[in-house]
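J.: As a plain string of letters, each chain reads:
Protein chains: 2
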Amino acid sequence: MNFLIDGLQYANWSEKIFRQMRAGGVDAVHVTIAYHETFRETVLNIEQWNRWFETYPDLIFHGRTAADVRVARETGRTAIFFGSQNPSCIEDDIGLVEVMHTLGLRFMQLTYNNQSLLASGCYEDEDTGLTRMGRAVMAEMNRVGLVVDMSHSGERSTFEAIAHSTRPIAITHANPASWHPALRNKSDALLRALGESGGFLGLSAYPHHLKDGSACTLQSWCDMAAFAVELVGPTGVGIGTDLCQDQPDSIVEWMRVGRWTKTIDYGEGSADAPGFPPMPDWFRDNRDLAAIRDGLRAAGLDQTTADGVMGNNWLTFFEQSFGADTAQSEEARRAAE
Amino acid sequence: MNFLIDGLQYANWSEKIFRQMRAGGVDAVHVTIAYHETFRETVLNIEQWNRWFETYPDLIFHGRTAADVRVARETGRTAIFFGSQNPSCIEDDIGLVEVMHTLGLRFMQLTYNNQSLLASGCYEDEDTGLTRMGRAVMAEMNRVGLVVDMSHSGERSTFEAIAHSTRPIAITHANPASWHPALRNKSDALLRALGESGGFLGLSAYPHHLKDGSACTLQSWCDMAAFAVELVGPTGVGIGTDLCQDQPDSIVEWMRVGRWTKTIDYGEGSADAPGFPPMPDWFRDNRDLAAIRDGLRAAGLDQTTADGVMGNNWLTFFEQSFGADTAQSEEARRAAE
Chain L
0 MNFLIDGLQY
10 ANWSEKIFRQ
20 MRAGGVDAVH
30 VTIAYHETFR
40 ETVLNIEQWN
50 RWFETYPDLI
60 FHGRTAADVR
70 VARETGRTAI
80 FFGSQNPSCI
90 EDDIGLVEVM
100 HTLGLRFMQL
110 TYNNQSLLAS
120 GCYEDEDTGL
130 TRMGRAVMAE
140 MNRVGLVVDM
150 SHSGERSTFE
160 AIAHSTRPIA
170 ITHANPASWH
180 PALRNKSDAL
190 LRALGESGGF
200 LGLSAYPHHL
210 KDGSACTLQS
220 WCDMAAFAVE
230 LVGPTGVGIG
240 TDLCQDQPDS
250 IVEWMRVGRW
260 TKTIDYGEGS
270 ADAPGFPPMP
280 DWFRDNRDLA
290 AIRDGLRAAG
300 LDQTTADGVM
310 GNNWLTFFEQ
320 SFGADTAQSE
330 EARRAAE
Chain B
0 MNFLIDGLQY
10 ANWSEKIFRQ
20 MRAGGVDAVH
30 VTIAYHETFR
40 ETVLNIEQWN
50 RWFETYPDLI
60 FHGRTAADVR
70 VARETGRTAI
80 FFGSQNPSCI
90 EDDIGLVEVM
100 HTLGLRFMQL
110 TYNNQSLLAS
120 GCYEDEDTGL
130 TRMGRAVMAE
140 MNRVGLVVDM
150 SHSGERSTFE
160 AIAHSTRPIA
170 ITHANPASWH
180 PALRNKSDAL
190 LRALGESGGF
200 LGLSAYPHHL
210 KDGSACTLQS
220 WCDMAAFAVE
230 LVGPTGVGIG
240 TDLCQDQPDS
250 IVEWMRVGRW
260 TKTIDYGEGS
270 ADAPGFPPMP
280 DWFRDNRDLA
290 AIRDGLRAAG
300 LDQTTADGVM
310 GNNWLTFFEQ
320 SFGADTAQSE
330 EARRAAE
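Chains as they are written, first to last, in numbering that gives the first Met the number 0: chain L, 0 to 336; chain B, 0 to 336.
It should be emphasised that the hints constitute simulated quantities derived from the structure, not laboratory data. Any given hint might turn out to be false.
Unchecked claim - FRET-style restraints, in silico, Cβ to Cβ:
# : chain 1 : residue 1 : chain 2 : residue 2 : range
1 : L       : Asp301    : B       : Arg50     : 45 to 53 angstroms
2 : B       : Arg286    : L       : Leu116    : 41 to 49 angstroms
3 : L       : Arg39     : B       : Thr127    : 42 to 50 angstroms
4 : B       : Val256    : L       : Ala135    : 32 to 40 angstroms
5 : B       : Thr127    : L       : Asn1      : 38 to 46 angstroms
6 : L       : Trp259    : B       : Pro247    : 37 to 45 angstroms
7 : B       : Gly75     : L       : Ala290    : 51 to 59 angstroms
What the hints assert, rightly or not - Below, a sample of chain L positions facing chain B; criterion: calculated Cβ distance under 7 angstroms:
#  : residue
8  : Val42
9  : Leu58
10 : Gly94
To be verified - Far from chain B by the CB rule (all over 10 angstroms, computed), these chain L residues:
#  : residue
11 : Asn11
12 : Gly24
13 : Phe38
14 : Gly212
15 : Ser213
16 : Leu217
17 : Trp253
18 : Gly274
19 : Ala297
20 : Asp306
Yeah, the Cβ is synthetic: ideal placement off N, Cα and C, and Gly gets one too.
The following block holds chain L by itself, in its conformation from the complex (with noise of 0.2 angstroms):
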């Protein structure tokens, strides 16, 4: 059986949306919950979507395990995993850490392009890697099972993840920078390591990442899958589009300024262009991804390959990344013996 995952999602959620979901066959979609918010903004934001759950039961539910994703198949819903892009939902606490993954988080970002507690963003001009409590929320995370996602940190502080993380961590939405040079992209020493790691990469769709931006091509974006594939291997790569449908343009300025300043910083746009791009004219929704596959195909991936990166790959990794590290609580509770 071949899934459909698509590996970082923000739209302004809706009917519409979830029905677009269903029409693309979309299995599961890991969903930004958090962008600056605090512990109690993000509870805010996970009731908006019990809401979501309570009254669209026949079009999406709350997945918290990797068997969802096979639930949402036999049951022909999608699987909604949550998500931070920053560590702001658990402020200063440790403990937050299992409150969240108790309350369905399943990836954090360390850094949202700033420096944060735990790690500094890509955007900073010093990275200076792993902060103590950085290494500290780290093994918190590979404890219960909460992914470390790296998608906005700077190299040096992902390098340093990927060594000291006891588990695979993620990349879910960025794209080679040899492909296209933006500061979000990931040079090809960090995505061999990230491979080499057993961690993994989810190919992002959002123009300021893409090769000619809003014109790439989908022969280009597949090209520079098979790319990445060889660079991380055919089971580390999916797909991460950080599709934000319907959004206004005041959300990319919260994602960008938050709360951290007075001032507009533009991150990846510019004051000509402080807006959502347009998305690429191949994937305007999700009933655009599965066409996906057949550009994989074209581009040169094998059958398993290009079905790994559509979703069975994500689903693998979701296996292993979102239980409990019972192979270090049996070492831990051995060693106390």
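Chain L is already provided as a structure; the job is to place chain B on it using the hints.
T.: Just chain B now, kept in the frame of chain L:
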């Protein structure tokens, strides 16, 4: 198989107490995690429990379902179920009902002695019954599987909770007022209505709820239990000791005064006896629980009923109470089709 379950404790938790639970063969305990705490403060208390679960995995674990009581017995541990004695943990936000349930809350009192946003407490001069928010929150508690607990509520509020709840409610720790007329104990008429509705009474061993206080004998208490069985029914009675082992007197002051007044309120105590009263000599800690079984037989209960009161009745109530109201959901789904 006969189970041993205590339906209410709020001890100064420690390895010593967890080991006493094991020595006493206690399969499950409903523990209080909030008296006056806000949501965030309640989460801090959950974080502390998570530390205990991580530190003492061979003694205790977090109970979420009735099946966990059987897991506790099979693995020689005690399952810990969370409850709040006050709706302060959901603040003014109905969305926190499901969030707290996800975090493991299985019981919530609508009031703690005082008027709350939901209902009237047993110490108020006027009991005005369920509030508008009280009815809304109770419906949400019924939906997700969070038990309505009226231990510290006024009589009218409790009658209204019984009438409006679509699922059986509990009074986790109180005794018949006709045995000992404390404000916290319940009238015969109320206990009969509770039983007729399928509700549940946990019998308290807290001296202020006992005839003769700390000098109450096991025989007197077991005679009271037999009387409670007559009022509520043989399957609707269990134990809810209200054990507050090893707590300093500052804790009983926090329970009574919280942050709601600047003056001292002695609650069930008095200026002469402001602290915790000594427990009766036949119930000092969890190791003494099992001996109550013989006392219940001596008071005339048949073996099945005595075993029911000791834990089997709570287990059946857990089985019926902690899951989502699927019947209601199915009905709602059919109505929507």
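J.: Hint by hint, note whether the structure agrees.
T.: Taking the hints in turn, this is what the structure says about them:
1. For the pair L:Asp301 and B:Arg50, the beta carbons lie near 49 angstroms from each other, so the given range of 45 to 53 angstroms is met.
2. The beta-carbon spacing between B:Arg286 and L:Leu116, approximately 45 angstroms, falls within the hinted interval of 41 to 49 angstroms.
3. A C-beta distance of roughly 30 angstroms is found between L:Arg39 and B:Thr127, which places it outside the suggested range of 42 to 50 angstroms.
4. Judged by the Cβ atoms, the range 32 to 40 angstroms given for B:Val256 and L:Ala135 holds: they are separated by roughly 37 angstroms.
5. Between B:Thr127 and L:Asn1 the beta carbon distance is about 60 angstroms. The supplied range of 38 to 46 angstroms is therefore violated.
6. Against the hinted window of 37 to 45 angstroms, the Cβ-Cβ separation of L:Trp259 and B:Pro247 comes to about 43 angstroms, which satisfies the hint.
7. In this structure, B:Gly75 and L:Ala290 meet the distance hint of 51 to 59 angstroms, their C-beta atoms being roughly 56 angstroms apart.
8. The interface hint given for L:Val42 is met, as the beta carbon of that residue sits about 6 angstroms from the closest beta carbon of chain B, less than 7 angstroms.
9. A hinted interface residue such as L:Leu58 counts as satisfied when its beta carbon comes closer than 7 angstroms to some beta carbon of chain B; here the least separation is about 12 angstroms, so the hint is violated.
10. Hint on L:Gly94 holds. Least Cβ distance to chain B is approximately 3 angstroms, under the 7 angstroms limit.
11. In this structure L:Asn11 is separated from chain B by more than 10 angstroms, as the shortest Cβ-Cβ distance comes to about 20 angstroms.
12. With a least CB separation of 23 angstroms from chain B, L:Gly24 remains clear of the 10 angstroms interface cut-off, as annotated.
13. Distance check for L:Phe38 against chain B: the nearest CB is about 7 angstroms away, which does not clear 10 angstroms, and the non-interface claim fails.
14. No Cβ of chain B approaches the Cβ of L:Gly212 within 10 angstroms, the least distance being about 39 angstroms, so the stated non-interface status holds.
15. The Cβ of L:Ser213 sits about 37 angstroms from the closest Cβ of chain B, beyond the 10 angstroms cut-off, so the non-interface label holds.
16. For L:Leu217, the requirement that its beta carbon stay farther than 10 angstroms from each beta carbon of chain B is met, with the minimum near 39 angstroms.
17. With a least beta-carbon separation of about 21 angstroms from chain B, L:Trp253 lies farther than 10 angstroms from that chain, consistent with its non-interface assignment.
18. The claim that L:Gly274 is not at the interface with chain B holds, since no C-beta of that chain comes within 10 angstroms of its own (minimum 31 angstroms).
19. Listed as outside the interface, L:Ala297 is consistent with that label: its C-beta sits roughly 42 angstroms from the nearest C-beta of chain B, beyond the 10 angstroms cut-off.
20. L:Asp306, annotated as away from the interface, keeps every beta carbon of chain B farther than 10 angstroms; the closest lies near 33 angstroms.
The structure fails to meet hints 3, 5, 9 and 13 from the earlier list, while all remaining hints are met.
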